[in-house]
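Required output: the full structure, derived from the provided sequences and hints.
4 protein chains.
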Amino acid sequence: MVIVMNSKATREQIQHIVERIEAAGLQAHLVDGEFRTIIGIIGDKKAIMSLPIEAFEGVDKALPVTSSYKLVSREFHPEPTVVDVDGVKIGDGSLVVMAGPCAVESREQLLEAAQIVRAAGAQFLRGGAYKPRTSPYAFQGLEQEGLEYLAEARALTGLKVVTEVTNIHAIETVSRYADMLQIGARNMQNFHLLKEIGRSGKPVLLKRGLAATYDEWLHAAEYIVNEGNPNVVFCERGIRTFETYTRNTLDLGAIGVIKRLSHLPIIVDPSHGTGKWHMVKSMSMAAVAAGADGLMIEVHPDPERALSDGPQSLNPFNYASLMADVRELAVFLRKQAM
Amino acid sequence: MVIVMNSKATREQIQHIVERIEAAGLQAHLVDGEFRTIIGIIGDKKAIMSLPIEAFEGVDKALPVTSSYKLVSREFHPEPTVVDVDGVKIGDGSLVVMAGPCAVESREQLLEAAQIVRAAGAQFLRGGAYKPRTSPYAFQGLEQEGLEYLAEARALTGLKVVTEVTNIHAIETVSRYADMLQIGARNMQNFHLLKEIGRSGKPVLLKRGLAATYDEWLHAAEYIVNEGNPNVVFCERGIRTFETYTRNTLDLGAIGVIKRLSHLPIIVDPSHGTGKWHMVKSMSMAAVAAGADGLMIEVHPDPERALSDGPQSLNPFNYASLMADVRELAVFLRKQAM
Amino acid sequence: MVIVMNSKATREQIQHIVERIEAAGLQAHLVDGEFRTIIGIIGDKKAIMSLPIEAFEGVDKALPVTSSYKLVSREFHPEPTVVDVDGVKIGDGSLVVMAGPCAVESREQLLEAAQIVRAAGAQFLRGGAYKPRTSPYAFQGLEQEGLEYLAEARALTGLKVVTEVTNIHAIETVSRYADMLQIGARNMQNFHLLKEIGRSGKPVLLKRGLAATYDEWLHAAEYIVNEGNPNVVFCERGIRTFETYTRNTLDLGAIGVIKRLSHLPIIVDPSHGTGKWHMVKSMSMAAVAAGADGLMIEVHPDPERALSDGPQSLNPFNYASLMADVRELAVFLRKQAM
Amino acid sequence: MVIVMNSKATREQIQHIVERIEAAGLQAHLVDGEFRTIIGIIGDKKAIMSLPIEAFEGVDKALPVTSSYKLVSREFHPEPTVVDVDGVKIGDGSLVVMAGPCAVESREQLLEAAQIVRAAGAQFLRGGAYKPRTSPYAFQGLEQEGLEYLAEARALTGLKVVTEVTNIHAIETVSRYADMLQIGARNMQNFHLLKEIGRSGKPVLLKRGLAATYDEWLHAAEYIVNEGNPNVVFCERGIRTFETYTRNTLDLGAIGVIKRLSHLPIIVDPSHGTGKWHMVKSMSMAAVAAGADGLMIEVHPDPERALSDGPQSLNPFNYASLMADVRELAVFLRKQAM
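Protein chains in written order, with our numbering: chain A, 205 to 542; chain B, 205 to 542; chain C, 205 to 542; chain D, 205 to 542.
Think of the hints as simulated: they come from the structure by calculation, not from any bench. Just so you know, not all the hints are guaranteed correct.
Since the list can't tell identical chains apart, any single copy or any two copies may satisfy a pair.
Stated by the list, open to error - Taking lysine to any residue pairs in the SDA-like style, the calculated list, with each CA pair at most 25 Å apart, reads:
1. K274 with Q348
2. K265 with E347
3. K399 with G229
4. K293 with T448
5. K212 with N519
6. K212 with F521
7. K212 with H233
8. K293 with H467
9. K274 with F536
10. K539 with D288
11. K406 with H220
12. K249 with E316
13. K274 with Q219
Here it is as structure tokens:
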């Protein structure tokens, strides 16, 4: 932490702060400029964080030097982590695809979707049984029944299942049916849920919050890993900006940033990231070219009849076309990298 | 809902959509322009919402005509609602002040804060027992112990207690100690929590999410009221923007918007809204002048020693000064309104 | 400037940076922590700014300690500046009101508007002769003809005239007709225009850019003052956020921030700030309560027939009502401040 | 345009609006719902735009059905436009690269940069002679002298020159030295500049404004084309969001959106889009995979000594590596597309 004193700060105020720093078991280093003094603080991050520096008199501002996440940081763990979901590896240089409908709507819809997904070559089936919806009057998901269809689809196709958990109560149930637990954008800072999922040990797909900074997102992962669960995969799914033509603004820069700051894998969801099915293919290609470890794609047997997110879902034909191109690109890029 | 067809849409595509609309029990009204057709849909909102219009071929975009919240809407409930919290009325034209520390840190700190708050004339004591924090290494709250201190402070001062509930498990416990349950910004779209608090019947303070639109905020309240709990008070606490000098950008326009769209009361939290104690007084004055039903203010006996949010907490002297000015202003405005 | 080295930085990299700092005539102060070194730089701000610190190897990030504006900074000019526009003072504790139509549309419209404004008690008439419009097909202003009507309205009513200048060519012409030159939001970083207006010496109303940080806004003013023109008044007019119900999000926190960081006055434009006439009064009251030095309000004799910004313009009746309340509030607050 | 009346609107209010619509030579179509009436307006877009609908009594809101740009719209011009810059084609399916330093700093620096750029295989040399800078104390560019170096570099290398024009006065001068005129992000809505450059007929590179919506960006291009200059190329360079780790958030979704809404080409600037040299390569790959017609890359012979934007400039080695990978990817994608 670096403290910038204001230009009117007195020697007493500076001295008072130095004393408080030292009383907390930390060291203070003063640098006197022409107009102001700055104070560097050295020592335990947690002790530094507990000082409400900007509440002290004479302080202009406090500049944090480092972030407080450690377990997910690449700084102390330079090798990339490969997350293994029952045999499917994420982050090992291959491209993992998770696809399926936004919501599980019926047995028929899900099994049909699973076969479409399987045929086109994905490794994971996605599908929401618990749906967080803006309006209480929108379809809220089939819950337990939906989980059962997911398990049936898995048995039928061999696809792994990833599905969202929206509350603590459901963790145990969902864990019985799913291979990977998804934390949705709206729950990225639901810290109780993060801790409990951390304790469950199940592989986790952590979606970025609508207005979450990289720092907040990394801290959310830190909550999970700090409970003993290192199997976290980030999922960029677009952030909220002033632009309204697209549902969100897909931030593909997140791939490079997360890989630089963390050792954990990151995949991209261009379906939520754009909200428009006709943008999904080009954004998938871009995500792969930028180095994403995987994709999450919404596919529906008949988007016109989807109960949720129809406008951003691919139909079977467009999904197969996307998969063909994306796979070729992944092969090309791997070859290029060697 | 109004559907805008693209200029290349065929008669068959339009006819197909009209059939789907009618099959859903709705009416379709076509308006043909020179370059394109628009289709107005009349009928049950829920049925309209379930059609994934933008997934149909030939559609350029779908424009929603009305929102789907009803219970919180002023349109069907023109009279303002007054929320009664054990005798203290919010929304009746008076100014309600909720004040206290960000977090309950110790018995001494809280009781001292409560007396400061009481002396200056507030009606509610605030203080977090469960603290959602970005970092898992930051102080997470005293939990049950904190609730007990809050109850003791209430017994001592007669102040009502408002405190945050961060998960379903804690609702029952917190309800035993608090008069009003706060839903924090990060949980504004934690729909399980909203539903459960809706079932509890306790008065609720619903903070605006960091990146929540008015429409999403109103829907969050709709979740609560829809479960049978009409005692919801909105709290504007700043939104996330590109500006980083302040912690958030306090959106005082929310007061007028919420009062126009809803019959429920709204208060303002300038402490979180700015993140800087020296801005709290002027933003409090502004909130009152804009018609807020109340204020939520962070006060700490010694902000320099606060475990959370010290930089935005007022010390006792500044808080008393704020209360004096704010109260005079409220009296003046009431007189002017008569 | 404080440089944060990454934890892998070598002694050579640190030494190389220290040499470059000293070669630029600056001093480097090293603070060694357990995991990383930070380097404080002392000396001339301009020399510091010219070092591309983050391009050096081994650097994690550079943290600016101070901003580079000086002339507009309160730090070196603690007394507030009062801008005198031909006898009308802005920033002396009184409340200045600038009102009128968005655009000058015709002689009749403008003279009628001027009389409405005069009668209700404002000091300035506003009205655009040059209109920056998103679409080339929208009304672009009467230009020279509009300026003549403004001058006629001034002669008739005694109101001062403030109007926008959108390009360098027009500065001289507009200066002949207007008492104060407005720089619009879209031109806040049109640096040629800022410099030329700085040379003109005319009082300037500097609107905040749609996505301008406080720092950028202060620097825009610095451009003007740096050319020898100290008569700058800031105007907060709303920023662009994710919220679309209002045209912009009015940031009333800007009042306190600008007054803390700068000695120049600041007024507020709630008409553009909200885009909705029914929000203008409450936001005007809030702006005055927050300490604004003035208001800029759009008024139209018949908003239904406005060629520009009708939805946010007050009609004569609502404007008179606003002025009555705002004036009483200003009197009350002045008394309270004494 | 579709007008949504509020549920309390009277028959008189509706009738009054219908009369105003018809008086403007337009047709009104009423659709009566259970709770409210909506009115569709048919006719000339310009006439519709001139009605201040939301200023009428009884109106809840007005929903625009179409945008007002026509010349740049794909709807009326389905074939993609290829912009020819003195023999180099942009938008014909090939990948065009523009590279060079942020600012022209000296003859030596520029000629060295030009040779680096030439050697790696770009078609355009970029370099600013007029630099818009946030601070008046930052390097402002060599102006005329810089232009002469650019022309010399062109003669030496055969590269085309693209450089920014920041004011009307400079258009003629810059046009003598450059092959393509750049409009910077801060000037995207400097409508005088857009019009004058439209009259000049020179090919234009139109950067997206920091907070410009797609709609505003398309309208800015419409200003240029409307003056008779159809040679406009869009350049996505990142938008301003809440994230501060990167300088901007690069919106690669813009590629697909612009290509869908307009027939004009679009290139991407990952240097400004991220502000970090280590992100430029992966974002370049992503841009190409998403279908961009070209790239604009900042390269400096020695980024550590750059007077502007050093942290985001590639050194010669990294630039050559980027070009090799990007070129192979472009070849692969072209083959795949065939």
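Each hint tested on the structure:
{"no.": "1", "hint": "K274 with Q348", "in the structure": "neither (37 Å within a copy, 29 Å between copies)"}
{"no.": "2", "hint": "K265 with E347", "in the structure": "neither (48 Å within a copy, 31 Å between copies)"}
{"no.": "3", "hint": "K399 with G229", "in the structure": "neither (29 Å within a copy, 46 Å between copies)"}
{"no.": "4", "hint": "K293 with T448", "in the structure": "neither (36 Å within a copy, 32 Å between copies)"}
{"no.": "5", "hint": "K212 with N519", "in the structure": "between (65 Å within a copy, 21 Å between copies)"}
{"no.": "6", "hint": "K212 with F521", "in the structure": "between (68 Å within a copy, 22 Å between copies)"}
{"no.": "7", "hint": "K212 with H233", "in the structure": "both (19 Å within a copy, 22 Å between copies)"}
{"no.": "8", "hint": "K293 with H467", "in the structure": "within (15 Å within a copy, 42 Å between copies)"}
{"no.": "9", "hint": "K274 with F536", "in the structure": "neither (35 Å within a copy, 40 Å between copies)"}
{"no.": "10", "hint": "K539 with D288", "in the structure": "within (23 Å within a copy, 35 Å between copies)"}
{"no.": "11", "hint": "K406 with H220", "in the structure": "neither (48 Å within a copy, 45 Å between copies)"}
{"no.": "12", "hint": "K249 with E316", "in the structure": "neither (52 Å within a copy, 30 Å between copies)"}
{"no.": "13", "hint": "K274 with Q219", "in the structure": "neither (32 Å within a copy, 28 Å between copies)"}
The structure is inconsistent with the numbered hints 1, 2, 3, 4, 9, 11, 12 and 13, although it conforms to all the rest.
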